[in-house]
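Asks: Chain by chain, the residues run as shown.
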Amino acid sequence: MDIDHDTLVGFAKSWGLFYLIAMFIGVVVYAFWPANRKKFDDAKRNILDEDDRPWQ
Amino acid sequence: MVQQLTSGERQNALVILLCVFVAGLAMAAAGGSDPLGIHGVIVMLFGAGLGALVMRSYYDRQPDPDRLSHYYDDPIKAGVALTLAWAIFGMFMGVWTAAQLAWPDLAFDAGWSTFGRLRPTHTTGVIFGFGGNALIATSFHVVQRTSRARLAGQVSPWFVLLGFNLFCILAVTGYFMGVTQSKEYAEAEWYADLWLVVVWVTYFVLFLRTLARRKEPHIYVANWYYMAFIVVVAILHIVNNLAIPVSFGQAKSYTIWAGVQDSMVQWWYGHNAVAFFLTAGFLAMLYYYLPVRAQRPIFSYRLSILSFWGITFFYMWAGSHHLHYTALPHWVQNLGMTFSVMLLVPSWASAGNALLTLNGAWHRVRDDATLRFIFVAVVFYGLSTFEGSFLAIRPVNSLSHYTDWTVGHVHAGALGWVAFITFGSIYTLVPSLWKRERMYSPALVEVHFWLAVAGTLIYVFSMWNSGILQGLMWRTYTQEGTLAYSFLDSLVAMYPYYIARTFGGLLFLLGAIVAAYNIWMTVRAVPATADRRADVPDTGLAPGAAVTPAE
Numbered sequence: 006m007d008i009d010h011d012t013l014v015g016f017a018k019s020w021g022l023f024y025l026i027a028m029f030i031g032v033v034v035y036a037f038w039p040a041n042r043k044k045f046d047d048a049k050r051n052i053l054d055e056d057d058r059p060w061q
Numbered sequence: 217m218v219q220q221l222t223s224g225e226r227q228n229a230l231v232i233l234l235c236v237f238v239a240g241l242a243m244a245a246a247g248g249s250d251p252l253g254i255h256g257v258i259v260m261l262f263g264a265g266l267g268a269l270v271m272r273s274y275y276d277r278q279p280d281p282d283r284l285s286h287y288y289d290d291p292i293k294a295g296v297a298l299t300l301a302w303a304i305f306g307m308f309m310g311v312w313t314a315a316q317l318a319w320p321d322l323a324f325d326a327g328w329s330t331f332g333r334l335r336p337t338h339t340t341g342v343i344f345g346f347g348g349n350a351l352i353a354t355s356f357h358v359v360q361r362t363s364r365a366r367l368a369g370q371v372s373p374w375f376v377l378l379g380f381n382l383f384c385i386l387a388v389t390g391y392f393m394g395v396t397q398s399k400e401y402a403e404a405e406w407y408a409d410l411w412l413v414v415v416w417v418t419y420f421v422l423f424l425r426t427l428a429r430r431k432e433p434h435i436y437v438a439n440w441y442y443m444a445f446i447v448v449v450a451i452l453h454i455v456n457n458l459a460i461p462v463s464f465g466q467a468k469s470y471t472i473w474a475g476v477q478d479s480m481v482q483w484w485y486g487h488n489a490v491a492f493f494l495t496a497g498f499l500a501m502l503y504y505y506l507p508v509r510a511q512r513p514i515f516s517y518r519l520s521i522l523s524f525w526g527i528t529f530f531y532m533w534a535g536s537h538h539l540h541y542t543a544l545p546h547w548v549q550n551l552g553m554t555f556s557v558m559l560l561v562p563s564w565a566s567a568g569n570a571l572l573t574l575n576g577a578w579h580r581v582r583d584d585a586t587l588r589f590i591f592v593a594v595v596f597y598g599l600s601t602f603e604g605s606f607l608a609i610r611p612v613n614s615l616s617h618y619t620d621w622t623v624g625h626v627h628a629g630a631l632g633w634v635a636f637i638t639f640g641s642i643y644t645l646v647p648s649l650w651k652r653e654r655m656y657s658p659a660l661v662e663v664h665f666w667l668a669v670a671g672t673l674i675y676v677f678s679m680w681n682s683g684i685l686q687g688l689m690w691r692t693y694t695q696e697g698t699l700a701y702s703f704l705d706s707l708v709a710m711y712p713y714y715i716a717r718t719f720g721g722l723l724f725l726l727g728a729i730v731a732a733y734n735i736w737m738t739v740r741a742v743p744a745t746a747d748r749r750a751d752v753p754d755t756g757l758a759p760g761a762a763v764t765p766a767e
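Which chain is which? The protein sequence lines are A and B, in order. Take 6 as the starting number for the first sequence in my numbering and just add one per residue. Take 217 as the starting number for the second sequence in my numbering and just add one per residue.
Excised from the complex, chain B in its bound form (with noise of 0.2 Å):
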């Protein structure tokens, strides 16, 4: 990695490792034994630990020339390993609280493992860990490849990868230290967010000059989906999270927006937060990885235009449909529940462009597992997208605002859309990145397969069940006019539910797992494509055995 930096390369990741320290070395002096003192021994630890690995590297060989005219795939090679490992544990926080909700006990009476606490390590750990690497990593790949350009620059994408996951440290390191600004989605604190800022905007701009280094004339339209997730969320994270700290010695901070503005903007970020990190950028994964995995052009690139437009400028007026019957102006939620059921037409117009673009190759999707998880991605599209149009509808919002039932959209949502498009976008990406002919094991992707779609399903219908059930227990009046359940009877009632949620979330983790363990197993144990294996039949076998590198 620190190989293909030249000597001045090395001093400038140096210097700015350097300044990291330093402001680990502030932090932590300003805060003490505040959580913010904490949080500067953790940046300075993460400087030191990123500059211990440049200088062992310091005075090795200076790198071939030659590079520049190669794709530069280092980052994105990091990026999909820490994709992976963050999966892995946000998911794992995820099955934690879903217990937690079936066996509080599992709390074991700590404050850190309560679940107001867990609940955002496994957001942030999911959203921004695992989704923010997969969006970062893809882009970069996805970039340089329609682009037919190499990264415009050789420690930025260092910068803006590696500065990424620190600002996802700092925020999961808080919430167990209960440092929140209680934003849903947005709880990491001032000091964080101002350092996303930083990285976000050199990520813009590494973009940007990528794209202006193009050779290809047109900029394929995966990566205006990129531009959009990147532009539109620096403006949502600066709008949204402009606070003022206690003291420049307190991790705590006030937001500037007060009473309904505040829930406003929070849900205009909320909602686009969905909108251009859940789905711009997801979709632009599906704009190049389908094509390429099917190894057909998409259906309509026309359509495609059309449909980015349309979810630009539609979702930025949804974020409304989250404050049904509350304070906000009537008039306010007429608007975002108007825009929300608009935006059906170009969510569809995109599933639909996938769709019709496997049309035709039904049977590589058959036979191919990798091709299968893109289908059920776009599946899985259609149907959230459907049901979140449905949802904000005033009145259907009535039955199921506060219940299970948005549970069970967002992770239909979350695993069946956004999980599934980026396992089989790492599926096609690995092979080709690290120059293997194929994945470690096909069967281990075809039992990844099948284990996210059993725990998707069971997870996904047993919260519209036990969301719709509880909507309904809490609507239900006796002949006297008084509610016919308590509260506590609704909760009984979920039992069951709660179980089958952990359930169907243990299986997607196993998953993901499996995953880890096969694109691991793929770089470690696969040979180059330049040597190729030896012709033996592919046994199906476990693995160990099946592969061994020929000599």
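Bound-form chain A, shown alone (with noise of 0.2 Å):
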């Protein structure tokens, strides 16, 4: 298959737009999804403690 200009534009222009916006509505609804607002709360307060030994 001879790979040129048109074809990468038109590559491009259909499967790279389409995975460049899914991925941005994914990482959106992840970052807002309602379930994971305590544990992100979690997750940065909790580096925080001052707790120096690894939990067994």
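Hints were generated in silico from the structure; no laboratory data involved. Misleading hints may appear alongside valid ones.
[As the list claims (entries may be wrong)] When the alpha-carbon atoms are kept at most 16 Å apart in a straight line, the in silico EDC-like pairs for lysine to aspartate or glutamate are as follows:
{"id": "1", "chain 1": "B", "residue 1": "Lys468", "chain 2": "B", "residue 2": "Asp250"}
{"id": "2", "chain 1": "B", "residue 1": "Lys399", "chain 2": "B", "residue 2": "Asp478"}
{"id": "3", "chain 1": "B", "residue 1": "Lys651", "chain 2": "A", "residue 2": "Asp57"}
{"id": "4", "chain 1": "B", "residue 1": "Lys431", "chain 2": "A", "residue 2": "Asp47"}
{"id": "5", "chain 1": "A", "residue 1": "Lys43", "chain 2": "B", "residue 2": "Glu432"}
[To be verified] Facing chain B, from chain A, some residues (calculated, C-beta under 8 Å):
{"id": "6", "residue": "Ala27"}
{"id": "7", "residue": "Met28"}
{"id": "8", "residue": "Lys44"}
{"id": "9", "residue": "Phe45"}
{"id": "10", "residue": "Lys49"}
{"id": "11", "residue": "Ile52"}
{"id": "12", "residue": "Pro59"}
{"id": "13", "residue": "Trp60"}
Think of the CB as a built atom: it goes at the ideal place given N, C-alpha and C, for glycine as much as any other residue.
If you follow the hints, you should be able to join the two separate chains into one complex; please do so.
Replies: The following block contains the structure:
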């Protein structure tokens, strides 16, 4: 198959566009999913614990 | 260090070092008098030297089985020491090469000390030596603390750290001998590149296995950034360094990429080295050490996730902005330009997130030089990402490309962002790692801070001036339509700026030396937190007099 400029542009404008938009939507949904809120809040607070041993 | 390994692990370490030694022997035999042969000898010495170190403690007492219920900090401590050693070496080479531009006689008429050979020792020394060791050391620290799990290996962290340093040594010693594959920031030749692949894959597996052991349900965002750094650097390094050696007995190799594809691969690599080596990894430091030092959780965790994916996906496409007005197809240039401009969004999201975290703790920024290091890093991060997006626009690039403006931009990022966040992280890390109450001298941290700020500003402003001046002189036409200035005219105009830049770099180097001294004395002279220091007022005087450990 001959890969020329038009092939690549076609690929970028279809599949490239699709996967970047899908990625964007996926990330936004993940970040704002209500059930994740507690997990994120815990994650950002837990690193401040003064606990200097691995949990067993 | 070796005492922390069981006898089985000591044996494993010896077997690995024996393999390294044998590989060096093979290189020396195949290479003969080629630089490859000299590198073989260096590899043999490296393997033998570390082997001797392991053997000296081989019959020492077995480690306490209780060790597994602690974090594994020995490799991190060695990593911090190596970071500082490379900082001083790399920055010294930077000052030297900067001085050579003002006073070319400083090459002393020798081959090894010409600008072309010294410059990559500076870039490799600071990017890989200083930056890389800092990334490895802090990633080991952050992944353990945020996962609440010990590193998933006893020998492999050492293998990663020391193996990476062997790569740096091979790279830098090679440049002095004239070994280079002429790819910017990837100058090291094929055998060093192959070795780095082995080290990097081990790093990747170690990091993943440690994450798999985590007790926290969620992987903290800093680890995502470290993971992106490790994964993408592996991909970039392998693709860009695909090359065929002239023979197995020679250091020289030729890349498999040809013509403009080679340029594109090189700058896809080059710009993503900036993105994933010098940005993603250091953002990981930011997302851990900033909240820890400020004692405030990150302003918005969601925003940190959104900007993570933004940075990861946009940066991949930005490399072609290094090739404006070249044989690279116009649409590829446009692609790079567009993505570079869009990159401002996730970059400023990260910078804004960090500044909003500090909002409400400004008194701490004022009082605590360590937090101020982190704050200045964020400001320079915001500044240089804006500048980067701006310079990537083609017409702007026509003024800035090939001028010192680019050098100024790189150093705004490298000094102002990368080095500042690294020193801020190290000053946070060192007392907790060595279980010290505080740094040996807060006054010296303050001295370092102001040396670094002054050095960075002098450097960046002189390069902005000289770069724009240079760019304008190169494009000024007379009424007759001829160039108004010869290249030599522009060179003469650079002279004062080159001197100023050397001075700025020198201040920054002095700051790094002060940091190394302060950290050394913290480890040596500041008592551990367990036995509390006598309650003497902090005189803020010179070291030596001020801190005598109370008996």
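Asks: All hints are to be evaluated individually against the structure, with a verdict given for each.
Replies: How the hints compare with the structure:
no. : hint                 : result
1   : B:Lys468 to B:Asp250 : holds (9 Å)
2   : B:Lys399 to B:Asp478 : holds (9 Å)
3   : B:Lys651 to A:Asp57  : holds (10 Å)
4   : B:Lys431 to A:Asp47  : holds (13 Å)
5   : A:Lys43 to B:Glu432  : holds (13 Å)
6   : Ala27                : violated (11 Å)
7   : Met28                : holds (6 Å)
8   : Lys44                : holds (5 Å)
9   : Phe45                : holds (4 Å)
10  : Lys49                : holds (4 Å)
11  : Ile52                : holds (6 Å)
12  : Pro59                : holds (5 Å)
13  : Trp60                : holds (4 Å)
Of the hints listed earlier, the one the structure fails to meet is number 6.
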